[in-house]
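Engineer: So the protein lines, in turn, are chains C and Y.
Each residue of the first sequence is one higher than the one before, starting from 39 at the first, in the working numbering.
Each residue of the second sequence is one higher than the one before, starting from 7 at the first, in the working numbering.
Among the hints, erroneous ones may be present.
[Claimed, not checked] No more than 20 Å apart at the CA atoms, straight line, and that leaves these computed lysine to aspartate or glutamate pairs for EDC-like:
| id | chain 1 | residue 1 | chain 2 | residue 2 |
| --- | --- | --- | --- | --- |
| 1 | C | K425 | C | E260 |
| 2 | C | K394 | C | D370 |
| 3 | C | K329 | Y | D20 |
| 4 | C | K263 | C | D206 |
| 5 | C | K263 | C | D426 |
| 6 | C | K329 | Y | E18 |
| 7 | Y | K260 | C | E412 |
| 8 | Y | K349 | Y | E327 |
| 9 | C | K263 | C | D164 |
| 10 | Y | K260 | C | E420 |
| 11 | C | K138 | C | E258 |
| 12 | C | K329 | Y | E16 |
| 13 | C | K138 | C | E260 |
| 14 | C | K430 | C | E260 |
| 15 | Y | K54 | Y | D170 |
| 16 | C | K425 | C | D204 |
| 17 | Y | K9 | C | E283 |
| 18 | C | K430 | C | D204 |
| 19 | C | K329 | Y | D19 |
| 20 | Y | K54 | Y | D128 |
| 21 | C | K394 | Y | D281 |
| 22 | C | K425 | C | D206 |
| 23 | C | K138 | C | D206 |
| 24 | C | K430 | C | E258 |
Keep in mind that the hints were calculated from the coordinates and are not lab data.
This one's a predicted model, so the numbers in the text were calculated from it and none came from an experiment.
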Amino acid sequence: MSTEATAREDLRRRVTAFLAEHDPATTDRLEFLRARYDAGLAWVWFPPGHGGLGLPRALQPEVEQRLAAAGAPDNNPRANGIGLGMAAPTILAFGTEEQKRRFLRPLWTGEESWCQLFSEPGAGSDLAAVSTRGVREGDDWIVNGQKVWTSGAHRARWAILVARTDPDVVKHAGLTYFLCDMTDPGVEVRPLRQITGEAEFNEVFLTDVHIPDSQRLGGEGEGWKVATATLNNERVAIGGDIPRESGMVGVLSRTWREHPERRTPELHDRLLRMWVEAEVARLTGERLRQKLAVGQPGPEGSAMKLVFARIAQEASGLDLELLGEEGLRYSDWAMVRPERVDFTGRDAGYRYLRAKGNSIEGGTSEILRNVVAERVLGLPGEPRVDKDVAWKDLPR
Amino acid sequence: MSKLNLLYTEVEDDLRATVRDLLADRCQSSAVIAAYDGDRSLVVPLWKALATDLELAGLLVPDERGGAGASAREAAVVLEELGRAVAPVPFLTSSVVATTVLLGAEAGGPADDLLAALAAGDRTAALVVPLSTAPGAAVASLAAGAGGRVSGSVTSVAGALEADVFLVPVTTPDGTAVYAVPAEAVRIDPVVSLDMTRQLADLAVDSVPGEALIAAPAGAAAVQRGLEVGAALLASEQLGLAQWCLTATVAYLKERRQFGRVVGGFQALKHRLADLYVAVESAAAAARHAAATVAADDPDRAVATAVAQAWCGDVAVRAAEEAIQLHGGIGMTWEHPAHLYLKRAKAGQIAFGTPGFHRARLAELVELPAPTVGRGTRKAP
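With these hints in hand, go ahead and build the complete structure from the sequences.
Structural biologist: Structure below.
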C-alpha cells in the first residue's frame with residue numbers, strides 16, 4: 039500500500055475510534071468540537087497538539103465526510119471565514135507556542151470569532167500605508183486609528199490588526215502585527231451601510247486601545263511580512279468541484295428558461311456569450327486545481343478572481359434586463375445586518391449591486407492585473423515614488 | 007461530466023518537444039511567409055517529416071488498422087505546435103478530419119487500405135467540403151450518376167492542394183455516402199486565400215468514377231463526426247497560435263524602449279496583456295477539455311466542442327490583433343511574422359463554423375432556446 043493509502047486508512051481508524059468515544063447523538067455540541075480538536079481531527083494538516091496530525095491537507099475531506107455521515111455537528115465554518123481562513127494559518131506560522139495554545143482551539147470551535155483590522159480610509163490597495171499608530175508603553179502597545187471594511191467586527195471577540203509602530207522608516211518596514219481584543223473599551227464598532235442598503239461591514243475606531251506585547255504576532259517591524267502571509271491565504275479560495283451553471287450564470291439561465299416572453303435575439307446573444315464565458319471559467323478553475331493539486335496557489339489565482347468578478351457583474355446586470363419590469367423593483371432597502379452573504383441570493387437588484395464589490399474586495403481588478411502582468415508575465419513593476427522615503431515624509 | 011485530465015501527460019509533453027524541435031528547425035517564419043509569394047517549397051518535405059518520419063499521420067488510427075493508436079489528446083498537442091509555428095501542413099485536414107471520416111467505415115471494408123495509407127503518411131486525403139462547413143450544418147454533397155460516376159463542384163476546400171485523394175460526400179437515394187476520388191481526376195483551382203498557410207482550392211469533377219468507401223446512409227454520420235472532431239481539435243491549433251502571440255508580444259515589450267522606459271512597464275499595456283493572458287489560459291482549459299472529451303468519447307463531447315469553438319476562435323483572433331497593435335509599426339510589416347498569425351487566426355475563426363454558429367448550437371444543446379419568432383417583445387433588426 040502507498041504511504042498515502044496507509045495514512046488514509048490510519049485516519050479512517052482514528053475517526054471511527056473517535057466516534058466510538060464521542061457519540062454525536064448524545065454529546066454536547068461544544069464538548070464534541072473541543073474533543074475533536076484535541077484528537078487532531080480539526081484540521082489534519084496542522085501539527086499535533088494544535089488540532090491536527092501533521093498530515094497532507096488533501097486528507098481533510100476524509101474526516102469531514104465521515105463525521106458528517108455520522109451526524110456530527112460542525113464548527114459552522116461559514117460564520118468564521120476570517121478566523122479559519124486567515125487568522126489561524128497566520129497564528130500557526132508566526133505565533134509563539136503560548137499564542138497557538140491560547141487562540142487556535144477556541145478559534146476553531148467557533149467559541150471565539152475573529153475579524154480583520156487591515157484596511158483604512160487612507161490605505162486600500164496600498165495597504166502598507168496604514169496610519170493606525172501603535173506606541174509602546176511598558177508591556178503594552180497603545181493603539182489609535184480607524185479601520186474600515188471590517189466584516190464581522192460587531193460579533194468578533196478578537197481581531198488581527200496591522201498598525202504603524204515606526205513612522206521614521208519606509209512604509210513596509212514600520213508595521214507590526216497584533217492580535218487585538220475587541221472587548222477593549224477603546225474599540226468602537228459602527229456599521230458601514232453599503233449600496234445594497236444593508237451593512238455587512240463595519241468601521242472600527244480605535245482610541246487608546248491597550249494591547250499587551252504578548253499579543254504581538256511576529257517581530258516588531260515585521261508586520262508586512264506577517265500580513266502578506268494572511269493575504270495569500272485570502273486568495274486560496276478558488277473553490278472546489280464546481281458544477282456547470284453555478285453562480286450568477288446559473289441564476290441567469292434559470293431566468294431565461296422561466297421567462298419565454300422576455301426573450302429577444304439581442305438578449306439571447308448576450309446570454310450565450312455569458313454562458314460560454316462562465317463555462318470556460320469553470321474549466322479554467324478546474325484546470326488550475328489540477329495544476330495545484332495540493333499546496334499554495336501562485337499568482338494564477340488572481341486571474342481567476344478577475345474573471346469571476348466580471349462574470350458576476352455582467353451576468354447580474356443582464357439578469358435585470360431580462361426581467362424587464364420586474365427588474366425595476368427592489369426587495370428591501372432597510373438597513374439590516376446579514377448573517378452571511380450570498381452573492382447569488384436575494385433578488386436580482388441586490389445581486390447586481392452586491393456584485394459591484396467583487397472587483398474591489400480582496401484586491402481590486404486593477405491591482406490584480408498588475409499582479410498578473412508582473413508576477414506571471416514578468417513585466418516591469420510600477421514606478422515607486424514612495425521607495426526609500428520614510429513613512430512620515432510621504433505626501434498624504 | 008466525468009473528471010477529465012485537463013493537463014498534459016509525460017508522453018504528451020515528450021511528443022510536444024519532438025514536434026517543436028522539428029518545427030524550429032524546418033519551419034522558419036521566413037519560409038512560411040514565402041507561401042504568400044507563391045513559393046510552397048516548404049510544404050512537401052515538412053509534411054513528409056511530420057507525417058512519416060515522426061509518424062504523426064496515424065495518431066488517431068488504432069494499431070490494428072495500421073496507425074499509432076494514440077488519441078485526440080495527442081493530436082491536439084501536435085496541433086498546438088502547428089498553430090504556434092503556423093505550419094503549412096495538412097495535418098488537420100488529412101490526419102484529423104479525413105482520417106476520422108474513414109474511421110466511420112466498418113473495419114474489413116473498402117476503406118481499410120486508404121486508412122492504413124493515410125496513417126502511414128503514404129497518402130494524403132481531404133474531405134470535399136468548404137472549410138467553413140460546421141458540424142451540425144448541412145453538407146453540400148455531390149451527385150452520383152450511373153455506375154458511381156460523381157459530378158459537381160465544391161469551393162474553398164482546405165488541404166486539397168496537398169491531397170492525392172479526395173473523400174467526396176455524395177447524395178444517393180439512401181442518403182449520404184462517401185466516395186474516394188483520385189486527385190488526378192479532379193479539376194483543382196488554387197484560390198488566393200486570406201490564409202495562404204492553409205491555402206484553399208475550388209474543385210470540380212465531371213462524371214468521374216469514384217469508389218464508395220462508406221455506403222449510404224452511414225456516410226452522413228461519418229462526415230459529421232469528421233467535422234466535429236475537426237472543430238474540437240482546431241481549438242488546440244488556435245490555442246497554440248494565441249500562446250505564440252502572447253509570448254512574442256510580452257517578450258517584445260520587455261525589450262522595446264520609448265520615453266526612456268521599457269514599454270512593457272506602462273500600465274495601459276500591462277493590463278491589456280494581463281487580460282489577454284487570462285483569455286489564453288481560459289482557451290487552454292476549453293481546448294484541453296474538448297480534446298479530452300473526444301478522446302474519451304465522453305457524452306459531453308458536443309457541448310465541449312461548441313464551447314471550445316465559441317471561445318478559442320475569438321481568443322486567437324484577439325491575440326493576433328493585440329500582437330500586431332502592441333508590436334507597433336514592426337508588427338505591420340511583411341517581414342515580421344505577426345501577420346501570418348493574424349491571417350491564420352481570422353481564417354480559423356471561420357473554419358468549421360464561426361463562434362456565433364457554435365453559440366447557436368450550444369443554445370440547443372444546453373436548452374437555452376432562442377426566442378420564438380413573433381413572440382419576443384422586440385424583433386431582431
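Engineer: Hint by hint, say whether it matches the structure.
Structural biologist: Each hint tested on the structure:
For the hint linking K425 of chain C to E260 of chain C, the alpha-carbon distance of about 17 Å falls within 20 Å, and the restraint holds. Restraint check for K394 of chain C and D370 of chain C: the C-alpha separation of about 18 Å stays at or below 20 Å, so the hint holds. For the hint linking K329 of chain C to D20 of chain Y, the alpha-carbon distance of about 18 Å falls within 20 Å, and the restraint holds. A hinted pair counts as satisfied when its Cα atoms are at most 20 Å apart, and K263 of chain C with D206 of chain C qualifies at roughly 18 Å.
Our distance criterion of 20 Å between C-alpha atoms is met by K263 of chain C and D426 of chain C, whose separation comes to about 18 Å. Only pairs whose Cα atoms come within 20 Å are accepted, and K329 of chain C paired with E18 of chain Y is accepted, the gap being roughly 16 Å. With a CA separation close to 11 Å, the supplied pair K260 of chain Y and E412 of chain C stays within the 20 Å bound. Distance restraint check for K349 of chain Y and E327 of chain Y: the Cα-Cα separation of roughly 10 Å lies within the 20 Å cut-off, and the hinted pair is therefore satisfied.
For a cut-off of 20 Å, the pair hint linking K263 of chain C to D164 of chain C stands: about 15 Å separates their Cα positions. Simply put, K260 of chain Y and E420 of chain C have alpha-carbon atoms about 14 Å apart, close enough for the 20 Å limit, and the pair holds. A C-alpha spacing of about 19 Å is found between K138 of chain C and E258 of chain C, which places the hinted pair at or below 20 Å, so the restraint holds. For the hint pairing K329 of chain C with E16 of chain Y, the CA-to-CA distance comes to about 14 Å; that is within 20 Å, so the pair holds.
The suggested pairing of K138 of chain C with E260 of chain C holds, with an alpha-carbon distance near 18 Å, which does not exceed 20 Å. With a C-alpha separation of about 18 Å, the suggested pairing of K430 of chain C with E260 of chain C holds against the 20 Å cut-off. In summary, the hint linking K54 of chain Y to D170 of chain Y is supported, as the alpha carbons are separated by about 14 Å, within the 20 Å threshold. Straight-line distance between C-alpha atoms of K425 of chain C and D204 of chain C comes to about 16 Å, which keeps the hinted pair within the 20 Å bound.
Proposed proximity of K9 of chain Y and E283 of chain C is supported: the alpha carbons are some 17 Å apart, at most 20 Å. Restraint check: the Cα-Cα separation between K430 of chain C and D204 of chain C comes to about 9 Å, which is no more than 20 Å; the hinted pair holds. Restraint check for K329 of chain C and D19 of chain Y: the C-alpha separation of about 15 Å stays at or below 20 Å, so the hint holds. With a C-alpha separation of about 9 Å, the suggested pair K54 of chain Y and D128 of chain Y falls inside the 20 Å cut-off, and the hint holds.
In summary, the hint linking K394 of chain C to D281 of chain Y is supported, as the alpha carbons are separated by about 19 Å, within the 20 Å threshold. Taking the CA atoms of K425 of chain C and D206 of chain C, the gap is near 13 Å; set against the 20 Å cutoff, the hint holds. Restraint check: the Cα-Cα separation between K138 of chain C and D206 of chain C comes to about 32 Å, which exceeds 20 Å; the hinted pair is violated. For the hint linking K430 of chain C to E258 of chain C, the alpha-carbon distance of about 18 Å falls within 20 Å, and the restraint holds.
Checked against the numbered hints above, the structure breaks only hint 23 and satisfies the rest.
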